[in-house]
Amino acid sequence: MPREYKILSPTAILGYGFPESSFLKGLEEGPDLIAVDAGSTDPGPYYLGSGKPFTDRVGVKSDLRTMLTHGVRRGIPVVIGTAGGSGARPHLEWCRGLIEEIAREEDLSFRLGLAYADVDPEVVLAGLRSGKVQALDGLEDPTDEQVRSCPHIVAQMGNEPLQALAREGCQVILAGRCYDPACFAALPILEGHDVALATHLGKILECAAIAATPGSGSDSVLGILRQDSFELRALSPERRFTPQSTAAHTLYEKSDPCHLPGPGGSLDLTGVSFTDLGEGRVEVRGTRFVPTPRYAVKLEAARPVGFRTLSIAGIRDPILIGSIRKVAGQVKARVDELLRRESVTGEVFFHMYGLNGVMGDLERDDSGTSHELGLVMEVLAPTQEQANTICSLTRSTFLHYGYEGRIATAGNLAFPFSPSDVPMGPTFEFCLYHLMEVADPEALFIREIVNLDGARVTPGKEVRS
Amino acid sequence: MKNLREVAQVIRSKNSSPMKLTLDIIFKDREVFEEVRRRELLTPELVAGAYQISPEEIEKVLYFEPARAVKIGMRRRVRSGSPGDTDVYGAQQHAPLLGLELDL
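Listed in order, the protein sequences are those of chains A and B.
Take any residue in the first sequence, note its place counting from 1, add 72, and you have its number in the working numbering.
Just so it is clear: in the second sequence, position 47 is 31 by the working numbering, and no numbers are missing.
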């Protein structure tokens, strides 16, 4: 029978921060593992496409420093999933750089295991042709050219690559794109713990104190795996887990609360019970894991779709507000006409806050009673220069447009900033959100072991097993 | 008739993937939740009516007993973060639900 296994989850996303007092209280419990999820597709396609993190360097380094100094000095393994937010190679390298800086600054020595999540586009294309890659949620299949245009394609790894690195003696494991629970579940499963319970616990711990009440994305919690149950404990005095808060969290961001698909199988929560243990602790039982006939991983990629420029302005004139939809349409038509003449191509979107800025076409309350409107002019074009050109033209046309009934003839827009236009750089669109069948879920992912001894870094070879 | 706000503790929307939204309603009271489930008071048609969209855009209505919760899947019209999207996280698409009246 495997012993009790304690997991300390410092924060919901690496870089969001956590109170040191909560973390230290968790350490007093003698955790077997410190693990954190560092990523999400929530912030949209830009971060995966551009290879940039959505979290800030200072915040991420601060969280890592606390986790690594305490973890390494006490011999507690530290596992980080979905490095850099999106978990592609540049995200992982960025996070690896921060770990190496901390090792040097704090004079820490440890074996660092890296698991890359990047997948070759040709592997994806072969899978699309053979039917081994299937779209999720009604996304259409991309063309070959679109797949090849994605700067990064990642697959959500399961437990296997992390377990391989743990078996190879890595004390700190940094993974690329990772199924969220895997960084919590891989090591206890390796020690014989139940797959269903460990994965379900990981599902909750990946959001740290969000599942407690009051919820927080920046506070630490402790999970304890036992033979046929697990327990959740909040680590700060103002928070507690309740059966309701824990059960409600199971719904969060999921399309089906009872069947949670992941690499190699699904969690079946139909028989789960949440029991109040008192003192803010909750016990969970009854989770089942149902393996799928064929092991599949989820692919993610974003392709470049042009460059964006924005301009932000306010409108206070009630005559203009009263006919804003009509005027916006007229401005667009005027801009289109000018662009046709210059052979510049692009798209203009008006986000009109106070009218339908939040819900767009889904907005049904168009009473138009706001006394002021916020206007974001969004332009998308094949190059940044063209996007800038169209934005400039749209802004100046809107500013001076002589709409019907106008009596304020000096200008239609209030700009809060100078310069008024903001070049946003490249823009991306999710183009792979597919399942891919894999024969060997360990060998799909490249691994590397780096030995760190304070300032001395000894890189290893990149291998697939 | 009762307004959903009177009987719900949580009403929220969020992406469940870049192509889909999930609408969650968590009821305050177990009996009300059971009644809503038993009498199928929250139908795709009712939710579609609140948004004034076709019921085909509402994918499914699921019940999760341990949380007294109903979950409704809804297609996004624009992929998260694609040009023209208005809500990358999908976190502010719940407002039409606040006006729902249930036959309780």
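Since the hints were derived computationally from the structure, they do not count as laboratory data.
Incorrect hints may appear among the rest.
What the hints assert, rightly or not - Sample of chain B residues lacking proximity to chain A, with all beta carbon distances greater than 10 Å (derived):
#	residue
1	N(-13)
2	M3
3	I10
4	E19
5	L25
6	T27
7	S38
8	P39
9	L46
10	R61
11	V62
12	V72
Stated by the list, open to error - Only pairs whose alpha carbons sit at most 25 Å apart, straight line, appear in this in silico SDA-like list of lysine to any residue:
#	chain 1	residue 1	chain 2	residue 2
13	B	K44	A	R312
14	B	K12	A	I518
15	B	K12	A	G432
16	B	K(-14)	A	C330
17	B	K44	A	K78
18	A	K124	B	Y35
19	B	K44	A	L434
20	B	K44	A	E351
21	B	K12	A	K78
22	B	K12	A	D213
23	A	K404	B	A75
24	B	K12	A	F487
25	A	K124	B	A75
26	B	K44	A	T342
27	B	K(-14)	A	D437
28	B	K12	A	G287
29	B	K12	A	K398
30	B	K12	A	D525
31	B	K44	A	G337
32	A	K78	A	M431
33	B	K44	A	G432
34	B	K44	A	P149
35	B	K12	A	R183
36	A	K124	B	V72
37	B	K12	A	G337
38	A	K398	B	K44
39	B	K44	A	L332
40	B	K44	A	H331
Glycine included, every Cβ here is placed at the ideal spot set by N, Cα and C.
A quick look at each hint next to the structure:
1. N(-13): holds, 16 Å
2. M3: At about 4 Å from chain A, M3(B) fails to clear the 10 Å cut-off, so the statement is violated.
3. I10: violated, 6 Å
4. E19: Given that every Cβ of chain A is farther than 10 Å from that of E19(B), nearest at about 19 Å, it holds.
5. L25: holds, 19 Å
6. T27: holds, 18 Å
7. S38: S38(B) is indeed farther than 10 Å from all Cβ atoms of chain A, at 12 Å.
8. P39: holds, 15 Å
9. L46: Not fine: 6 Å to the nearest Cβ puts L46(B) too close to chain A.
10. R61: violated, 6 Å
11. V62: V62(B) not clear of chain A: closest Cβ-Cβ about 8 Å, inside 10 Å.
12. V72: Since the minimum Cβ distance to chain A is about 4 Å, V72(B) lies within 10 Å and the statement is violated.
13. K44(B) x R312(A): violated, 32 Å
14. K12(B) x I518(A): violated, 48 Å
15. K12(B) x G432(A): violated, 31 Å
16. K(-14)(B) x C330(A): Violated - the C-alpha atoms of C330(A) and K(-14)(B) are around 28 Å apart, more than 25 Å.
17. K44(B) x K78(A): Status violated; Cα separation ~37 Å.
18. K124(A) x Y35(B): Not OK: K124(A) and Y35(B) at ~36 Å, beyond 25 Å, violated.
19. K44(B) x L434(A): holds, 19 Å
20. K44(B) x E351(A): Outside the cut-off at roughly 37 Å; violated.
21. K12(B) x K78(A): violated, 33 Å
22. K12(B) x D213(A): violated, 42 Å
23. K404(A) x A75(B): violated, 29 Å
24. K12(B) x F487(A): Violated - the C-alpha atoms of F487(A) and K12(B) are around 45 Å apart, more than 25 Å.
25. K124(A) x A75(B): Roughly 23 Å separates the two Cα atoms, so the pair holds.
26. K44(B) x T342(A): Given that 25 Å is the threshold and the Cα spacing comes to 17 Å, the pair holds.
27. K(-14)(B) x D437(A): Status holds; Cα separation ~21 Å.
28. K12(B) x G287(A): holds, 18 Å
29. K12(B) x K398(A): violated, 44 Å
30. K12(B) x D525(A): Outside the cut-off at roughly 55 Å; violated.
31. K44(B) x G337(A): holds, 22 Å
32. K78(A) x M431(A): Outside the cut-off at roughly 43 Å; violated.
33. K44(B) x G432(A): Status holds; Cα separation ~23 Å.
34. K44(B) x P149(A): violated, 42 Å
35. K12(B) x R183(A): violated, 50 Å
36. K124(A) x V72(B): holds, 17 Å
37. K12(B) x G337(A): violated, 33 Å
38. K398(A) x K44(B): violated, 37 Å
39. K44(B) x L332(A): At roughly 16 Å apart (the allowed maximum being 25 Å), L332(A) and K44(B) satisfy the hint.
40. K44(B) x H331(A): With Cα atoms ~14 Å apart, K44(B) and H331(A) stay inside 25 Å; holds.
This entry does not satisfy hints 2, 3, 9, 10, 11, 12, 13, 14, 15, 16, 17, 18, 20, 21, 22, 23, 24, 29, 30, 32, 34, 35, 37, 38, going by the numbered hints stated previously.
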